[in-house]
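Going line by line, the protein sequences match chains A and B.
So the mapping is simple: my numbering equals the position in the first sequence, first residue as 1, plus 24.
So the mapping is simple: my numbering equals the position in the second sequence, first residue as 1, plus 24.
It should be emphasised that the hints constitute simulated quantities derived from the structure, not laboratory data.
A hint or two may mislead.
When the alpha-carbon atoms are kept at most 20 Å apart in a straight line, the in silico SDA-like pairs for lysine to any residue are as follows [claimed, not checked]:
{"id": "1", "chain 1": "A", "residue 1": "Lys229", "chain 2": "B", "residue 2": "Lys198"}
{"id": "2", "chain 1": "B", "residue 1": "Lys257", "chain 2": "A", "residue 2": "Arg231"}
{"id": "3", "chain 1": "B", "residue 1": "Lys198", "chain 2": "A", "residue 2": "Arg231"}
One side of the interface only, derived from the structure: several residues of chain A facing chain B at Cβ under 10 Å [stated by the list, open to error]:
{"id": "4", "residue": "Leu188"}
{"id": "5", "residue": "Val190"}
{"id": "6", "residue": "Cys228"}
{"id": "7", "residue": "Tyr275"}
Here the structure is a predicted model, which is why all the values come from computation and not from measurement.
For each residue, glycine too, the CB sits at the ideal point set by N, CA and C.
Below are the chains, spelled out letter by letter.
There are 2 protein chains.
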Amino acid sequence: MFVIGERINGMFKEVRRAIEERDKRVIQDLARRQLAAGADALDVNVGPTKGRPVENMIWLIEAIQEVTRAPISVDTPKFDVMKEALQACRNPAVINSTKASVTDLDRYVPLAVETHSQLIALTIDETGVPRDVDGRVMMGATIVTKAMEAGLDLVDLYIDPVILPVNVAPKQPKAVLGAISQLRLIADPPPNFVVGLSNVSQGCKERSLLTSAFLTMCIGVGLNAAIMDALDKDLMDAAITAEVLLEKQLYCDDYIAAYLGNR
Amino acid sequence: MFVIGERINGMFKEVRRAIEERDKRVIQDLARRQLAAGADALDVNVGPTKGRPVENMIWLIEAIQEVTRAPISVDTPKFDVMKEALQACRNPAVINSTKASVTDLDRYVPLAVETHSQLIALTIDETGVPRDVDGRVMMGATIVTKAMEAGLDLVDLYIDPVILPVNVAPKQPKAVLGAISQLRLIADPPPNFVVGLSNVSQGCKERSLLTSAFLTMCIGVGLNAAIMDALDKDLMDAAITAEVLLEKQLYCDDYIAAYLGNR
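So that you can see chain A by itself, here it is in the shape it has in the complex (with noise of 0.2 Å):
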């Protein structure tokens, strides 16, 4: 399982006002802390703060990296940011995201391939999200096409089929587990799968419950990735678990501490 771990996102109150007074060591304790609790690597999204982006996100990257080797997902909708800030990562980088639009596809994946950078692509096009399972399987087929026309090997391609929240769009939790399902057989070795997994119970009461099971339920059906908070012990947990099931971590008595003390 390649966990990003979620946490360093402007969204956060503490990481907004952290950006805003240049405070590194909120930054700097947040990604070790995520490291130490099972994350792979750092999502970094500057949100809605005070300041250029572009700014704002380089100096992420860079108090990050005195910390850490660990990838650096960069999280922008902007591709101005996306290419200046993957100048600035020493770490391996993860580009979060890409649309399935051709006009985007041919953007990012020579990008991802230049900067030997993993890609992240997500099925939405100038539609929108699909509403069903054919939708995210074509754009899933697009997007692997692009990446194998310019030369990106599939292991540097994570799929995200795109998560609505349960209360609100309840069809979509099985039209991804479907997506998945589908386009894993799509090559051989398949593209990774990435869900941006706290969408699902977004605005839920159950929020734990919602996200663990279906957390559980991608992985049981070929996710290998997700971007999702790492220090949720239960939701870690629940992952590793799941992971030994498939026999894709060994099983011992204490496998969840084998696994966090295997990093």
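Since the structure of chain A is already known, use the hints to place chain B on it.
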């Protein structure tokens, strides 16, 4: 989700004592509590109790039938005990279970048809539990064929792909998931799928995590029944949550209370 409560089993000391001392209240209390917690049916197994198995079984069934009309899952490996026990069932009955060997299917499938019972069929034959997906799928196909030949409606058939403890058989959970994924395509509508859930974590340290994650993953690929501990609230919550995410239950903020209240 068709939840078959596992607690009326002579393996548990209090149940064994209640059977041997003909103490109805213990059994009736367990029946009521499991149903209130979300069980749809009650498994009944005399376990290693003193006395004649058939008399103990019939006493259990009659004790339960005094307090509920819920289906009773008659759990015995002995064909003669099964036959006599089914005669005692006024409630709907589930035969738990037949193996997939032809000689067993040729006895149990007609018995299910004659007694209007549902049937649980294990993917085990003379050669034992299959090591992989393919062995389970082949036995599942034999089971379905025999059921269709004998006129057993597939809605009354539950295929149990047999889970073994992950600590001694780490490849088995994945094989069970694969078997359900494939066998659900064998007929339209497909047969039902059930597992004896607690077995997955037998002898393991993290029982609760393993059981819950395995149940959730199985539901994600098509499991729609389980013999399980309905009194384990965390486990029931996980099952209900998984069904909400598959839109088998309607989402509302209090979906767990709604599920239990609608019963």
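Can you give the numbers of the hints that this structure goes against, from lowest to highest? 1, 3, 4
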